Amino acid sequence: MKYRVFILVLFSVFSVLAQTSLSDSDMDAMDQLISDLVKSSKNEKKQEKKPEKKPAKYQKTEKKQDGKLVKTAKDKKLIVIDPGHGGKDPGAISGRIQEKDVVLKLAKKIEKLSKNYKNIEVKLTRNTDVFLPLEERAVIANKMNGDLFISLHANSFTKDKNVGGMEIYHLDNTRDEYANKLARVENKISENTSLLDTILVDMDISYYVGDSLDYASEIGNGLKKDLKKYEVKLRGYEKGALFYVLVGARMPSLLFEIGYLTNKTDRELLQKDEYLEVMAKSLLDSLSASKVK
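So that you can map any letter, position 159 of the sequence shown is 159 in our numbering, and since no number is skipped, the others follow by simple counting.
Honestly, I wouldn't trust all of these hints.
Said to hold, decoys possible - Once the Cα atoms are required to be at most 30 Å apart in a straight line, the calculated DSBU-like pairs of lysine-lysine come out as:
#1 Lys159 - Lys233
#2 Lys291 - Lys224
#3 Lys112 - Lys272
Calculated directly from the structure, the hints in this document are not laboratory data. A quick note: this is a predicted structure, and the numbers were derived from the prediction, not measured.
Can you build the whole structure from these sequences, using the hints too?
Encoded structure:
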């Protein structure tokens, strides 16, 4: 907590200094100071008691006792799928293909196919072409009492259309230039992000990073196997970045980039129902067999 207060003071100073001319060495020193404080805060948090697991979710059954419905513990893990963008925010665009439509189509397939699994349930943050602010998506997942939050997106890289493949991210700090650039692109639709938000989020990374990484690894390995015949590149599934859409989720959370709309091969595959169904089934198979509690 003491580091959080100091960061607020530091941010005020930084805001003033930002209006003056600072040398590169000064900026590097400021960046290093923030980084050291963040590490100190994380070490402090590690010593705190990890919050108790959420109580088991319940559902009503038809079984009655003394004339009343009895609630029995659910044995289903609830996966909240978040189709990125929507409404006024189309996301990445390639010709007449819009990211918001592609990810919604995949999300609906995941939801439909999930009914074939006895131990998982899927709900969507949106099932129509509607705009949802980034900060509301995790709130929706929390209200649903989800066990895992997955935000679906499709990538774009106009500078090199040969770049393609899938990526899976979790919420964490990183110095990776590409990951940070991608996070800035995905975060730009939110009016609430700021340098201060980013610093505080970096200090307050949730206790769910470990489970998020485990889920990402299981899903990534499944996709690598199930999509092998399509020769799709899996660019990585253990990457961390400060994606604003994942902030606030009180559960493990992932951001899944399903392909590049600027890449011809990816774009053509993402328009095929068969491919989306294979991807959806692969994800569900991995979650159904997951060892994450």
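Here is what the structure says about each hint:
Note on Lys159 and Lys233: the hinted pairing holds, with a Cα-Cα distance of about 19 Å set against a maximum of 30 Å. For the suggested pair Lys291 and Lys224, the alpha carbons sit about 18 Å apart, so the restraint of at most 30 Å is met. Under the criterion of a C-alpha separation no larger than 30 Å, the hint pairing Lys112 with Lys272 is consistent with the structure, at around 17 Å.
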